[in-house]
Amino acid sequence: MRGKNAFDFAESGPVGEMRGTSAFDFAESGPDGEMRGRSALDFAWSGPDGEMRGTSALDFAESGQNGEMRGTSAFDSSESGPIGEMRGKSAFDFAWSGPVGEMRGKSAFDFA
1 MRGKNAFDFA ESGPVGEMRG TSAFDFAESG PDGEMRGRSA LDFAWSGPDG EMRGTSALDF
61 AESGQNGEMR GTSAFDSSES GPIGEMRGKS AFDFAWSGPV GEMRGKSAFD FA
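Note that this note's numbering has the sequence shown beginning at 1, numbered continuously upward.
The set of hints was computed from the structure by calculation and includes no laboratory data. There may be inaccurate statements among the hints.
[Stated by the list, open to error] Beta-carbon label-pair distances, calculated as ranges: (1) Gly81 with Ser29: 20 to 30 Å; (2) Asp49 with Asp25: 16 to 26 Å; (3) Pro82 with Ser12: 16 to 26 Å; (4) Glu51 with Ser29: 40 to 50 Å; (5) Arg70 with Ser46: 15 to 25 Å.
From the three backbone atoms N, C-alpha and C, an ideal C-beta is built for every residue, glycine too.
Let the hints inform the model, and build the full structure from the sequences given.
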């Protein structure tokens, strides 16, 4: 499977309103073989508990049978509501090779 997908959405319901743009670029070959992709999500959410805005990005490559997995994930958000305001950045960088072998990772979270 190979493709590019972009999705722009707005949703509203009893817990508030969410708007966003999602983009996904990928190539996959099976059965549990290779998978490569990039995913990005940009959103704003508002409701009774306040407002949240954020950007999330994930870049990964995986090759099977439970073999290697490499990726970078980043999330940047700000939230405000009745309990105050929170801003943060979260990043996770990892490589894994199996079956139950090595795992390496970096996780960072910066907030106010």
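Output the numbers, in ascending order, of every earlier hint that fails for this structure. Those not satisfied are hints 1, 2 and 5.
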